[in-house]
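Novice: Working from the sequences, and respecting the hints, build out all of it.
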Amino acid sequence: MNDFGGAKSANITTQTTTTVHNGPCILRRVVFNKKTASGVVTIYDSLAGSGTKIGTITNPGTLLDTTDSIEYNVRCGTGCTVVTGSADQDLTVSVSPTY
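The numbers in this note's numbering rise by one with no breaks, and the one at position 88 of the sequence shown is 88.
Incorrect hints may appear among the rest.
[Stated by the list, open to error] Calculated lysine-lysine pairs in the DSS-like style (CA-CA distance at most 25 Å, straight line):
(1) Lys53 <-> Lys8
(2) Lys34 <-> Lys53
(3) Lys8 <-> Lys34
[As the list claims (entries may be wrong)] Cβ pair distances, simulated, as ranges:
(4) Thr62 <-> Thr98: 35 to 43 Å
(5) Ser96 <-> Gln15: 21 to 29 Å
(6) Gly49 <-> Asp88: 15 to 23 Å
(7) Asn33 <-> Thr62: 13 to 21 Å
(8) Thr98 <-> Gly61: 32 to 40 Å
Quick caveat, the hints were computed from the structure, so don't treat them as lab data.
We treat Cβ as the ideally placed atom computed from N, Cα and C, and that holds for glycine.
Specialist: The following block contains the structure:
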């Protein structure tokens, strides 16, 4: 987890559940540094891998490119948790805490 002047980012490279931020924040962006064919990423406004879903990103079975960036700019009232379904993905999630 990195903290740059209030903004936070997490680089996720395993099949896992990652709480990117604990508390209110703005989900800024999800950057796929390396996509996985049919890889699934689910984002929650929660401190766990369940609850209020912000979105589910499913990569196609046949990749046309290997990187991608998705801008969200949505408010998370509780926190931001990301669940990755594949160990081969490499993504960076950035948030800005709100106070």
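Novice: Name the hints, by number, that the structure is in violation of.
Specialist: Going through the list in order, the structure violates no hint and respects every one.
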